[in-house]
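The listed protein sequences derive, respectively, from chains S and E. Residue numbering for the first sequence follows my numbering, starting at 6 and increasing by one per position. Residue numbering for the second sequence follows my numbering, starting at 6 and increasing by one per position.
Hints are supplied without guarantee of correctness; some may be wrong.
Just so you know, same-sequence chains aren't split out, so a pair can sit in one copy or run between any two.
Dumping the calculated DSSO-like pairs for lysine-lysine here, alpha-carbon to alpha-carbon at most 27 Å [to be verified]:
(1) K305 with K195
(2) K321 with K230
(3) K305 with K359
(4) K305 with K149
(5) K447 with K230
(6) K418 with K441
(7) K359 with K154
(8) K100 with K447
(9) K122 with K321
(10) K100 with K392
(11) K482 with K321
(12) K305 with K441
(13) K122 with K230
(14) K392 with K497
(15) K177 with K447
I should point out that these hints are in silico values taken from the structure, not numbers from a laboratory.
There are 2 protein chains.
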Amino acid sequence: MTADTSLSPDGTEYRLPGPDESANEKQALDAITLQQRNLGRGIVVVQGMGFVGAVMAAIVADAESRRGEPIYFVHGHQRPSRRSFWKIPVINSGKPPVNADDPEIPEIFSRCVVDKKTLRSTWHDHVYELADIVVVDIQLDATKPTLGKAAEGYCDLTAFRDGIRTIGRHIKPDTLVLVETTVPPGTCEKIVKPTLVEEFQKRRIDTSQNPPRVAHSYERVMPGKQYVSSIRNFWRTYGGVDDVSANLAREFLCNVLDVAHFPLYLMASTTASEMAKVLENTYRAANIALMLEWALLAEKAGVNLFDVIRSIRVRKGTHDNMCRPSLGVGGYCLTKDPILANWAATHLLQTDVKLEYAVRSVDSNDLMPLHTFDIIHQALDGELTGKMVALLGASYLQDVGDTRHSPSATLWKSLVEAGAVVTVHDPLVKTWPELKEASVHKDLTQCLKGADIVVFAVGHRDYLALDPAYVVRATGKTPLIVDCSDFLTDQKIREYLRLRCSVRGLGKGHIRSLNFP
Amino acid sequence: MTADTSLSPDGTEYRLPGPDESANEKQALDAITLQQRNLGRGIVVVQGMGFVGAVMAAIVADAESRRGEPIYFVHGHQRPSRRSFWKIPVINSGKPPVNADDPEIPEIFSRCVVDKKTLRSTWHDHVYELADIVVVDIQLDATKPTLGKAAEGYCDLTAFRDGIRTIGRHIKPDTLVLVETTVPPGTCEKIVKPTLVEEFQKRRIDTSQNPPRVAHSYERVMPGKQYVSSIRNFWRTYGGVDDVSANLAREFLCNVLDVAHFPLYLMASTTASEMAKVLENTYRAANIALMLEWALLAEKAGVNLFDVIRSIRVRKGTHDNMCRPSLGVGGYCLTKDPILANWAATHLLQTDVKLEYAVRSVDSNDLMPLHTFDIIHQALDGELTGKMVALLGASYLQDVGDTRHSPSATLWKSLVEAGAVVTVHDPLVKTWPELKEASVHKDLTQCLKGADIVVFAVGHRDYLALDPAYVVRATGKTPLIVDCSDFLTDQKIREYLRLRCSVRGLGKGHIRSLNFP
Numbered sequence: 006m007t008a009d010t011s012l013s014p015d016g017t018e019y020r021l022p023g024p025d026e027s028a029n030e031k032q033a034l035d036a037i038t039l040q041q042r043n044l045g046r047g048i049v050v051v052q053g054m055g056f057v058g059a060v061m062a063a064i065v066a067d068a069e070s071r072r073g074e075p076i077y078f079v080h081g082h083q084r085p086s087r088r089s090f091w092k093i094p095v096i097n098s099g100k101p102p103v104n105a106d107d108p109e110i111p112e113i114f115s116r117c118v119v120d121k122k123t124l125r126s127t128w129h130d131h132v133y134e135l136a137d138i139v140v141v142d143i144q145l146d147a148t149k150p151t152l153g154k155a156a157e158g159y160c161d162l163t164a165f166r167d168g169i170r171t172i173g174r175h176i177k178p179d180t181l182v183l184v185e186t187t188v189p190p191g192t193c194e195k196i197v198k199p200t201l202v203e204e205f206q207k208r209r210i211d212t213s214q215n216p217p218r219v220a221h222s223y224e225r226v227m228p229g230k231q232y233v234s235s236i237r238n239f240w241r242t243y244g245g246v247d248d249v250s251a252n253l254a255r256e257f258l259c260n261v262l263d264v265a266h267f268p269l270y271l272m273a274s275t276t277a278s279e280m281a282k283v284l285e286n287t288y289r290a291a292n293i294a295l296m297l298e299w300a301l302l303a304e305k306a307g308v309n310l311f312d313v314i315r316s317i318r319v320r321k322g323t324h325d326n327m328c329r330p331s332l333g334v335g336g337y338c339l340t341k342d343p344i345l346a347n348w349a350a351t352h353l354l355q356t357d358v359k360l361e362y363a364v365r366s367v368d369s370n371d372l373m374p375l376h377t378f379d380i381i382h383q384a385l386d387g388e389l390t391g392k393m394v395a396l397l398g399a400s401y402l403q404d405v406g407d408t409r410h411s412p413s414a415t416l417w418k419s420l421v422e423a424g425a426v427v428t429v430h431d432p433l434v435k436t437w438p439e440l441k442e443a444s445v446h447k448d449l450t451q452c453l454k455g456a457d458i459v460v461f462a463v464g465h466r467d468y469l470a471l472d473p474a475y476v477v478r479a480t481g482k483t484p485l486i487v488d489c490s491d492f493l494t495d496q497k498i499r500e501y502l503r504l505r506c507s508v509r510g511l512g513k514g515h516i517r518s519l520n521f522p
Numbered sequence: 006m007t008a009d010t011s012l013s014p015d016g017t018e019y020r021l022p023g024p025d026e027s028a029n030e031k032q033a034l035d036a037i038t039l040q041q042r043n044l045g046r047g048i049v050v051v052q053g054m055g056f057v058g059a060v061m062a063a064i065v066a067d068a069e070s071r072r073g074e075p076i077y078f079v080h081g082h083q084r085p086s087r088r089s090f091w092k093i094p095v096i097n098s099g100k101p102p103v104n105a106d107d108p109e110i111p112e113i114f115s116r117c118v119v120d121k122k123t124l125r126s127t128w129h130d131h132v133y134e135l136a137d138i139v140v141v142d143i144q145l146d147a148t149k150p151t152l153g154k155a156a157e158g159y160c161d162l163t164a165f166r167d168g169i170r171t172i173g174r175h176i177k178p179d180t181l182v183l184v185e186t187t188v189p190p191g192t193c194e195k196i197v198k199p200t201l202v203e204e205f206q207k208r209r210i211d212t213s214q215n216p217p218r219v220a221h222s223y224e225r226v227m228p229g230k231q232y233v234s235s236i237r238n239f240w241r242t243y244g245g246v247d248d249v250s251a252n253l254a255r256e257f258l259c260n261v262l263d264v265a266h267f268p269l270y271l272m273a274s275t276t277a278s279e280m281a282k283v284l285e286n287t288y289r290a291a292n293i294a295l296m297l298e299w300a301l302l303a304e305k306a307g308v309n310l311f312d313v314i315r316s317i318r319v320r321k322g323t324h325d326n327m328c329r330p331s332l333g334v335g336g337y338c339l340t341k342d343p344i345l346a347n348w349a350a351t352h353l354l355q356t357d358v359k360l361e362y363a364v365r366s367v368d369s370n371d372l373m374p375l376h377t378f379d380i381i382h383q384a385l386d387g388e389l390t391g392k393m394v395a396l397l398g399a400s401y402l403q404d405v406g407d408t409r410h411s412p413s414a415t416l417w418k419s420l421v422e423a424g425a426v427v428t429v430h431d432p433l434v435k436t437w438p439e440l441k442e443a444s445v446h447k448d449l450t451q452c453l454k455g456a457d458i459v460v461f462a463v464g465h466r467d468y469l470a471l472d473p474a475y476v477v478r479a480t481g482k483t484p485l486i487v488d489c490s491d492f493l494t495d496q497k498i499r500e501y502l503r504l505r506c507s508v509r510g511l512g513k514g515h516i517r518s519l520n521f522p
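Isolated chain S (complex conformation) (with noise of 0.2 Å):
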């Protein structure tokens, strides 16, 4: 890859835009846009064709009215780096730039810019001069420089500032921004206003007279085959930094997601309505982190966690959330959402409160990991030296291959530093971009060959319906077999033990009980 290229997961190399084709791209925008106005169609920007932004432009643009017309044209934005530039050209061939299990992504992307042409990808600026609404989907990372001490977490906001300034340069005094990133609570008020502000007033824009018009509404989509489905036909709640933001972006969502079945939630601020998707996911880490302490309890006492917690999910509507402890938790909202709000607590909102609960659910769940590699370690005595391991499973969650802060990255580095062989499976993962150092194994028989230790880290499909019989020959041993997160029924614990394996299960103190029919 040479300087001025950019490479896509496919290997494809494309060349970033030089100077001279500003001016070419800035017409094309321009000639565009202009068809699009007289055909009564919206401008909507999209900045950011991340993971989130991406296929909310092209649900965006996908949108029609009842007589059957598009409502919205839309430009996706990209910066041209050299890592996401290669999104531009994907998505002006028609292809999407995710990767997802969801079949409606592809043909969402192809019907949107080849069939209908409202969609179209640019690198340019001078887009956001033509926006009459701006939905911001950039990346907002936290950072957590030491496991375990999410206490220590903070945000960046460099970035997304800077993304934000970018818009407050060339927008319409009129144009809707609305923020669709996850943000610490407060940043829509302290960040994003303020910065528009700023840069109007560079721009001798009067913001008494025009104060720039911020909402904030958040997706909560999940990963899977119902990917844009999740997006679109979903709850929302937003928030405006006035009434007027307020009730633009009430009309824009009405536009585009299924309000009927799912109907919009207006909250009295914008902070308010970042507050409740980092309270959302927060209310979820915590009742995970919970649960690892009463699976120590349960691996010591003979019982098995799982059977006590179905038993008490039978109490709809009060207990029939309960979460499961596993390996860990993995991407990208749980691990990091209560820290961007214990972050913003201090360095946005300016109070003393800290949110405990919420940063130590963050530490648990960062850490759940090693109690599986304390079972490991316990099982052999501490000799894990030498040792072969097949972790069947890098990604974050069953059934998809997204590796976003997956746990298993933390139980392959702690088995790695005590000095064990680890090999990995993953039939959903094709790279794994946060653990480089590990290959994934596309032939499942290959990876159990020869492993002293076989761990059910994720409860991918296909593993839960793997014949031990099948896992035990496959090594070529009879290998210590682990269970994450009751991956394994007891008819399968059952017929490892006979085929003479050792089991250990993450809060399944019931499996010593476990005898031979």
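The hints should help you fit chain E onto chain S, whose structure is shown.
Then chain E, alone, in the frame of chain S:
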């Protein structure tokens, strides 16, 4: 009250039975039991005529076969103590020994004692010799020596073990002992069964041939208008120390409960069943505890947390049971069950596991009322001496008259300690046994008279309906209004503000933005 009488809540004195009455009562028990056996009925003894035991006894006595025949005759056993003996004559007169808002309670006692004659109460231990099944409903408390240090909490099993010993001295070897009391996990295996074995062996029963039959099953009673139904028509988890015990428990529960609509859930052991109960309540306690720090943040960030929660709760299945912060957490379950679990981990199950989330949640919830105190303290710049406070609500739950571990007591104490003069009102509370120093007004106007501060502590329907103009007029002042858990709508808050009151609300940071219309 003389030494040998027992005073019922309605003021009637009952003479305790003397030694001379033993033979008569024994004879009566034998005669009734023989007669009932001849009618083909099983004999059940319920040990402990408390809040759950008395109602459970009535439910068992009310159970009928498909042909409409009573299945069991029930002896309700109560020790002849001065504190509780009165329950026996009250029950035997066809009246319930418990106060509850459920109209089915007086009905079921009258029906079973007077009409069907399937329920009778006794103090005589001889009754255990006659039992096919003993249901244990003895009260079992956790002790918290210091407020806010739940980790030091413990469970004194002496009285409970004595109760089991009494059973063991008398029962037939094949009698099922079904423990319904919420106990520290491990109790049936480590306390109940060994105690019964000890007593059996003293009686020269060969326990290898006749092991004690012990099972555990927990109710999920909810105080309020559905008291009976919440025991009878609800899911049950159960487990036995062996298969025979589990099967006997199953047969009994199937006869007594609506298992057609609420199927039983069998656990592999009594410890698992015991663990399910305390985890179930810990889950709830932890979810409430999580919310306090978000209330603090919302207050300082100008956000209405309750609105945030409402917006999140639209997510059915995963988030619709999110709890609200409030004055605090009371009642008999959430305040102690996490402590039973944590204590059991060390003292019964002999593990080194500390249930830190569980314990911390109890602390947060126990200390929660101090935040309302802080709100008041801050609003008055710390000048509480001589201030008149009207505390609306003494019970621990809305529309229920139950004061056990009510957070209102903690608030009352902290206000009085700070020099305030607190008057209490509750439409449903007759006496406040846990806080005898506080008299509970029945007349709201009288309670409000002269109040500088009005605290909406509990969400009783009567309070939600109150007209701000009436409240302010009744005080004769412009009091500080304090809303402990979203009991006041924004419209009501605006009215109070218009009447020149100050208003504060836990978790309601938006109040300062509520201007007069």
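- Between K305 and K149, at a C-alpha cutoff of 27 Å, which is it: within one copy, between copies, both, or neither? between (32 Å within a copy, 26 Å between copies)
- Query: For the identical chains here, do K122 and K230 meet the 27 Å Cα criterion within one copy, between copies, both, or neither?
  - Reply: within (25 Å within a copy, 61 Å between copies)
- Task: Measure nothing new, just compare the shortest in-copy and cross-copy C-alpha distances for K482 and K321 to 27 Å and report within, between, both or neither.
- Result: neither (45 Å within a copy, 46 Å between copies)
- Query: At most 27 Å between C-alpha atoms: does K305 with K359 qualify within a copy, between copies, both, or neither?
  - Reply: The answer is between: 12 Å across copies meets 27 Å, while 34 Å in one copy does not.
- Under a CA distance limit of 27 Å, which applies to K305 and K195: within one copy, between copies, both, or neither? Classified as between; 15 Å across copies, 50 Å inside a copy.
- Message: At most 27 Å between CA atoms: does that hold for K305 and K441 within a copy, between copies, both, or neither?
- Response: Neither: 36 Å inside a copy, 44 Å across copies.
- Message: My question is about K447 and K230: at a cut-off of 27 Å on alpha-carbon distance, are they close within one copy, between copies, both, or neither?
- Response: within (21 Å within a copy, 59 Å between copies)
- Query: 27 Å Cα cut-off: does K418 pair with K441 within a copy, between copies, both or neither?
  - Reply: within (12 Å within a copy, 60 Å between copies)
- Task: Check K122 against K321 for me: Cα-Cα at most 27 Å, and say if that holds within a copy, between copies, both or neither.
- Result: Cα proximity of K122 and K321: none, with 46 Å in one copy and 36 Å across.
- Within, between, both or neither: K177, K447 at alpha-carbon 27 Å: neither (51 Å within a copy, 63 Å between copies)
- Intra/inter-copy verdict for K359 and K154 if alpha-carbon distance must be at most 27 Å: The answer is both: 14 Å in one copy and 20 Å across copies each meet 27 Å.
- Quick one: K100 to K447, C-alpha cut-off 27 Å, is that within a copy, between copies, both, or neither? within (25 Å within a copy, 72 Å between copies)
Hints 9, 10, 11, 12 and 15, counting from the list given before, are not met by this structure.
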